[in-house]
Amino acid sequence: MKFIYGLLALAASIVTANAQFCSIGLCLKEGDNCSPKNYNFTNNNVVDFNCEWGTFCPTSSQIFTPVCTKYSGPGETCGTPFTDCMSPYQCRTVNTLSTCAIGGYLGFGEDCNTDYQCGSGLYCVEGACSLKPNVICNYDGECPFGQWCNGTSLLNTPVQCQSVYASGSKCTRDGQCSYDNYCGYKDGDNNFMYCQPSFNKKLGDACSPHGSSFVDLESSYRYECSASLTCLGGTCQNPTMTVPTGDCMDAATQSCPSTYGSDCQCTSTSQIQTGKCTPTIVELNANCQTSVQSLVQCAIDHECPSIESITLGPDSCIMKHCKSELCESNCLQQPTDTCGDQPLYAVCNLPSSSSVVLPSFVLLIVAIIALLF
Numbered sequence: 004m005k006f007i008y009g010l011l012a013l014a015a016s017i018v019t020a021n022a023q024f025c026s027i028g029l030c031l032k033e034g035d036n037c038s039p040k041n042y043n044f045t046n047n048n049v050v051d052f053n054c055e056w057g058t059f060c061p062t063s064s065q066i067f068t069p070v071c072t073k074y075s076g077p078g079e080t081c082g083t084p085f086t087d088c089m090s091p092y093q094c095r096t097v098n099t100l101s102t103c104a105i106g107g108y109l110g111f112g113e114d115c116n117t118d119y120q121c122g123s124g125l126y127c128v129e130g131a132c133s134l135k136p137n138v139i140c141n142y143d144g145e146c147p148f149g150q151w152c153n154g155t156s157l158l159n160t161p162v163q164c165q166s167v168y169a170s171g172s173k174c175t176r177d178g179q180c181s182y183d184n185y186c187g188y189k190d191g192d193n194n195f196m197y198c199q200p201s202f203n204k205k206l207g208d209a210c211s212p213h214g215s216s217f218v219d220l221e222s223s224y225r226y227e228c229s230a231s232l233t234c235l236g237g238t239c240q241n242p243t244m245t246v247p248t249g250d251c252m253d254a255a256t257q258s259c260p261s262t263y264g265s266d267c268q269c270t271s272t273s274q275i276q277t278g279k280c281t282p283t284i285v286e287l288n289a290n291c292q293t294s295v296q297s298l299v300q301c302a303i304d305h306e307c308p309s310i311e312s313i314t315l316g317p318d319s320c321i322m323k324h325c326k327s328e329l330c331e332s333n334c335l336q337q338p339t340d341t342c343g344d345q346p347l348y349a350v351c352n353l354p355s356s357s358s359v360v361l362p363s364f365v366l367l368i369v370a371i372i373a374l375l376f
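Plus 3 on top of the position in the sequence shown (first one is 1) and you've got this note's numbering.
Mixed in with the good hints, there may be bad ones.
Claimed, not checked - In silico PhoX-like pairs for lysine-lysine, Cα to Cα no more than 20 angstroms straight-line:
no. : residue 1 : residue 2
1   : Lys-173   : Lys-189
2   : Lys-189   : Lys-205
3   : Lys-73    : Lys-32
Claimed, not checked - Now the in silico label distances, taken between C-beta atoms and shown as ranges:
no. : residue 1 : residue 2 : range
4   : Gln-163   : Glu-331   : 19 to 29 angstroms
5   : Thr-80    : Asp-192   : 27 to 37 angstroms
6   : Pro-242   : Asn-41    : 57 to 67 angstroms
7   : Phe-85    : Lys-40    : 12 to 22 angstroms
8   : Phe-85    : Ile-139   : 25 to 35 angstroms
9   : Asn-41    : Cys-330   : 17 to 27 angstroms
10  : Pro-242   : Ser-172   : 44 to 54 angstroms
11  : Ser-64    : Ser-166   : 52 to 62 angstroms
No wet-lab data here; the hints were simulated from the structure. Built from N, CA and C at the ideal position, the CB exists for glycine as well.
Could you put the whole structure together from the sequences, leaning on the hints where they help?
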């Protein structure tokens, strides 16, 4: 199940009333002045402003009056005080030409042309991402599909990739189990942990403090409790979330609950004196369980390698074969208030690399044109 942990990572701002500020206080459009000096701070409230999605505010000291500027896309220029690449693109320089490209998006065993395409610690060896000869693994992402890295800090101890354990086998961490299992204690046995199917805990069953059916998996959350249950106080329980209706910027008002994810959003983009508690984009429902199980099964069917060491891109295994399972997940809902038309997953809206002009190809075209004149 560790594979899925990195996939559905979502950033949720948790803001309490006592902090006395709201998110998305001002939503600036492309070309708007984004210098902090351009905005007043009144009544000890923090004016939170953002450039609309798809733009950024340059911070270079060379820019006297910064304005919200459109990010550079794939194949476009970067590396100047006035340019930046949209995530997950990175600025790559080849022969002095800097353009935006996605690197490290292929896992162990996937076909490659250059080292740049392979995830951290991997290299393009004979057309496939892998470790260099005679190099041992350091983490699970450096092992083939269905294997984990038997790493250790002890000297003179062999380090090698081993097959994941079968469901019901003893384990010490999630990475030792298959994608559709997690490593945890069974009811009545706190001496050993075992690989067991995700979502197998019922109402009232014991669970790990970090075990949860939430989708925020880049932290320590796991799919341990079934359907819409969550792990609270060491047992699987029905969440009872009540979102306050008052002004969450008022210190006397109850703060927005962070247990299930709720943040204080401004009531308008022009008025930053009041805010209301708004649930985050995580959905707790039975359909979420079905979505996760479909995504995991798709990853298993296509033998997608661990994404522990990669940047998820349009041509990553999970996006090539399981895009609909990820991008149309029933676990998510669009936030009620965003700055710009922000997608839930930016990678879902990116073109495949086959339509992206890479720096090396650009140089080749330039060279051919030069020969014609």
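Quiz item: Are there hints from earlier that the structure breaks, and if so, what are their numbers?
Solution: 4, 5, 6, 8, 9, 10
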